[in-house]
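Enquirer: Sequence:
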Amino acid sequence: ITDKGLGNGISLIIMVGIIARFPGSLLTEFNIGFGAEGGGLVIFLVEIFALIAVVAVVILLVQGTRRIPVNYAKRVQGNRQYGGARQYLPLKVNAVGVMPIIFAQALMFIPSTVAQFASGSDAGYFLRVLTDYTSWGYNLFFGLLIVVFTYFYTAIMVNPVQIADDLKKNNGFIPGIKPGKNTADFIDNVMSRITLPGSVFLAFVAVFPAIAIVFGVNNQFADFFGGTSLLIMVGVVLDTL
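If you use the numbering used here, the sequence shown corresponds to residues 168 to 408, in order.
No wet-lab data here; the hints were simulated from the structure. Be aware that a few hints might be false.
[Stated by the list, open to error] Within a straight-line C-alpha distance of at most 30 Å, the following computed BS3-like cross-link-like pairs (lysine-lysine) qualify:
#, residue 1, residue 2
1, K259, K171
2, K336, K259
3, K259, K241
4, K335, K348
5, K345, K335
6, K336, K348
7, K259, K335
8, K345, K241
9, K345, K259
10, K348, K241
11, K348, K259
12, K336, K241
13, K335, K241
[What the hints assert, rightly or not] Label pairs and their in silico Cβ distance ranges:
#, residue 1, residue 2, range
14, N349, Y300, 43 to 49 Å
15, G184, L227, 23 to 29 Å
16, T301, L212, 21 to 27 Å
17, N238, A273, 40 to 46 Å
18, G343, Y318, 22 to 28 Å
19, G202, A273, 34 to 40 Å
In this text, a Cβ means the ideal position worked out from N, Cα and C, and glycines have one as well.
Starting from the given sequences, assemble the full structure and let the hints guide the process.
Expert: Printed below as a string of structure tokens:
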């Protein structure tokens, strides 16, 4: 799959595995909704519209970019002129994908392990709250970890100094900004500003399945309301398209 240009083969297989669970989860939610304790057609339609809205938000998060205008100086070689055109440097709002959620989920396993050794104390109660993925304490801490890891991983993945050097080598410059250190500082400031809303949106997407469970959505269907499953699915589909 990878060699023939259809995208990343491993990502496609993971995406298919996620989508394959959707029909069964939807049917289960449908049966529960129209059962004796279900909310009927109206509640089921509200859940479907909420799912569509969350998918739309994830698409905006994955595709959102801050375009910085870049001008290239004109240069003449022989009878040909190169450069002189305006292009844009796209800085993604979410430049790190699902990695912050994966890191945060890995750390959230620690409280459940520690809680086994402190079951009778106040600390044990606090730790047990952090093991309940539908509690406000768990989701607040989980969301804060995602915001922190988003900044951390963005700092590793995006190198403003390297971007500024590449622009300078190709006779490119940002209008009104001096090449070199000033350009690197400008790109760094822009990335810091767009990473904040990007990390908050990412945290919201990660905790939304727990919110859906609190409102009565079954666990299997709630997984499609956010988290790594939805981000992987939307990201791979967009890359394939």
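Enquirer: Please flag the earlier hints that this structure goes against, numbers listed from lowest up.
Expert: Violated hints: none at all, because every hint is consistent with the structure.
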